[in-house]
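Novice: Residue strings, one per chain:
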Amino acid sequence: MATTPLYNEEELVLLLKQQSREAFNYLYKQYGAVLFGVINKVVFDEHIAEDVLQDVFVKIWTNIGQYDPAKGRLYTWMINIARNASIDKLRSKGEIMKGKIQTGEAVVNNLERAMKTEQATDTIGLRKMVAALKPEYETIISMAYFKGYTLDEISKTLGLPLGTVKTRMRSGIKQLREVFNN
Amino acid sequence: MDTREYIESGILEAYVLGALSVEERREVDSNFAQYPELQKEVRDIEETMFRYCQSFAINIPEALHNKIEQALPGLGANAGAQETGSTSKSRTIPLNPDYRRPTIMWRNAAALALFICSLAVNYYFWDQGNHERQERIALSLEMNKMKADQQLQADLVSEYRSSKAMMADTGIQTIVMHTVLPGHPMAATLYWSKGNGEAYVAMDALPKPPKGMQYQLWVIQNGKPVSMGTLPDDMANTPLMQKVGMQVMAGEAFAISLEKRGGNPTPTTVYVVGKA
Chain E
71 MATTPLYNEE
81 ELVLLLKQQS
91 REAFNYLYKQ
101 YGAVLFGVIN
111 KVVFDEHIAE
121 DVLQDVFVKI
131 WTNIGQYDPA
141 KGRLYTWMIN
151 IARNASIDKL
161 RSKGEIMKGK
171 IQTGEAVVNN
181 LERAMKTEQA
191 TDTIGLRKMV
201 AALKPEYETI
211 ISMAYFKGYT
221 LDEISKTLGL
231 PLGTVKTRMR
241 SGIKQLREVF
251 NN
Chain W
599 MDTREYIESG
609 ILEAYVLGAL
619 SVEERREVDS
629 NFAQYPELQK
639 EVRDIEETMF
649 RYCQSFAINI
659 PEALHNKIEQ
669 ALPGLGANAG
679 AQETGSTSKS
689 RTIPLNPDYR
699 RPTIMWRNAA
709 ALALFICSLA
719 VNYYFWDQGN
729 HERQERIALS
739 LEMNKMKADQ
749 QLQADLVSEY
759 RSSKAMMADT
769 GIQTIVMHTV
779 LPGHPMAATL
789 YWSKGNGEAY
799 VAMDALPKPP
809 KGMQYQLWVI
819 QNGKPVSMGT
829 LPDDMANTPL
839 MQKVGMQVMA
849 GEAFAISLEK
859 RGGNPTPTTV
869 YVVGKA
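First to last, the protein sequences are chains E and W.
Numbering-wise (this note's numbering), the first sequence opens with residue 71 and increments by one.
Numbering-wise (this note's numbering), the second sequence opens with residue 599 and increments by one.
You may find that some hints are simply not true.
To be verified - Taking lysine to aspartate or glutamate and the EDC-like style, the derived pairs with C-alpha atoms no more than 20 Å apart in a straight line are:
1. Lys141/E to Glu667/W
2. Lys141/E to Glu635/W
3. Lys141/E to Glu645/W
4. Lys99/E to Glu625/W
5. Lys99/E to Asp747/W
6. Lys665/W to Glu223/E
7. Lys244/E to Glu644/W
FYI, nobody ran anything at the bench for these hints, they're computed from the structure.
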């Protein structure tokens with residue numbers, strides 16, 4: 071999808087600060103599905119995900135005044151709100167254990183998949199970027215971004231040196247960047 | 599500091615992914631001012647993560663929209679009362695004690711009247727400008743939506759092209775799976791490269807699965823169905839192709855069934871079947 075031009079983002083923020091309904095509806099249409107996708111990556115229950123989505127929109131709506139364009143793009147700010155709210159929910163619900171177990175399963179699945187298929191680099195379609203990510207990168211990126219693991223925790227859980235975890239994060243994101251740029 | 603080396607270490611990725619401790623974060627933050635190239639790198643990583651997130655976006659259930667709007671303070675509570683937020687704030691004009699001095703009272707009154715007039719005129723034009731700006735924004739939003747739609751169309755065309763290319767490839771067998779439920783015309787396609795065991799699936803003519811349900815792909819080997827995993831809902835009824843996450847070296851037939859979310863060890867309701 072085309073990203074929103076910068077001037078639009080500025081005006082969107084301006085209108086949101088004025089509590090414009092149109093601006094909100096635009097935000098909802100433009101970013102809602104992405105935010106909902108992010109939340110669903112973190113929490114497993116779809117009803118919880120719906121509750122979190124509502125909280126996230128309320129947070130965006132009431133805290134838009136605190137958004138500082140100098141610190142990053144609007145979408146980054148919103149995705150971080152969505153991630154933090156979902157990870158908080160995960161922890162408060164005691165779901166974090168469930169999450170960690172699921173992540174453990176995912177690790178096993180990914181390893182199996184890695185053994186069964188050669189590099190899945192030529193996957194076709196809109197989802198190619200996801201599928202193209204090597205499992206060993208995907209696991210680490212998901213653990214950090216969607217499950218709130220720190221470098222230290224990832225290193226201990228996977229039995230990898232800290233430096234390796236960081237360089238895999240870099241390689242994984244580099245790989246994604248190449249897919250998007252092609 | 600060698601910024602090249604710093605960037606290569608992956609610390610900025612860990613920063614964006616939220617995997618740093620509070621102190622480590624602060625340290626990275628403090629480096630931004632001195633080395634702008636670090637911040638640029640962070641922006642690039644953030645953009646990549648955004649696009650990554652876009653790739654698994656999930657449509658929000660229709661019913662949620664109203665509920666969420668209702669929950670917004672200042673919008674939900676007086677829904678409809680305020681079409682677009684207006685920022686007109688009442689302004690108080692400070693009356694300086696000087697104004698009350700009789701000697702210059704008239705002059706001041708005139709100045710005050712002029713001032714109020716100019717406020718009103720300013721407000722009028724400002725308000726007008728505001729409307730125009732909002733219209734302009736609405737237009738550009740519309741334009742963006744069109745661009746997005748166009749992109750989607752382009753993606754679909756390239757999907758069709760690649761499926762045609764696969765049909766033309768002699769190394770790849772095209773297996774059309776047909777409906778097994780009378781009265782429900784459904785179909786899906788599987789492209790199978792026996793040589794290396796790769797397979798791609800497209801759910802061209804399968805309806806979107808009902809809530810809580812999911813499609814699952816099967817290969818029939820020696821008369822027994824073997825699961826090849828569940829399929830993403832949003833691929834249903836589109837020409838989108840997905841690589842099957844397993845190697846398939848042998849099989850007599852392929853099938854897709856409707857299962858509960860997460861799939862089942864054996865198929866429940868088979869929808870389409872195709873012989874290899």
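Novice: For every hint, state whether the structure bears it out.
Specialist: Tested hints:
For the proposed pair lysine 141/E and glutamate 667/W, the alpha carbon gap of about 28 Å is over 20 Å, so the pair is violated. Annotation: proposed proximity of lysine 141/E to glutamate 635/W holds, straight-line Cα distance about 14 Å (limit 20 Å). This hinted pair checks out: lysine 141/E and glutamate 645/W have alpha carbons roughly 13 Å apart, not beyond 20 Å. At most 20 Å may separate the alpha-carbon atoms for a hinted pair to count; lysine 99/E and glutamate 625/W exceed this at roughly 37 Å.
Restraint check for lysine 99/E and aspartate 747/W: satisfied, since their Cα atoms lie roughly 13 Å apart, inside the 20 Å limit. With a CA separation close to 38 Å, the supplied pair lysine 665/W and glutamate 223/E exceeds the 20 Å bound. As the CA atoms of lysine 244/E and glutamate 644/W are separated by approximately 12 Å, the hinted pair is consistent with the 20 Å bound.
Comparing the model with each earlier hint shows violations of hints 1, 4, 6; every other hint is respected.
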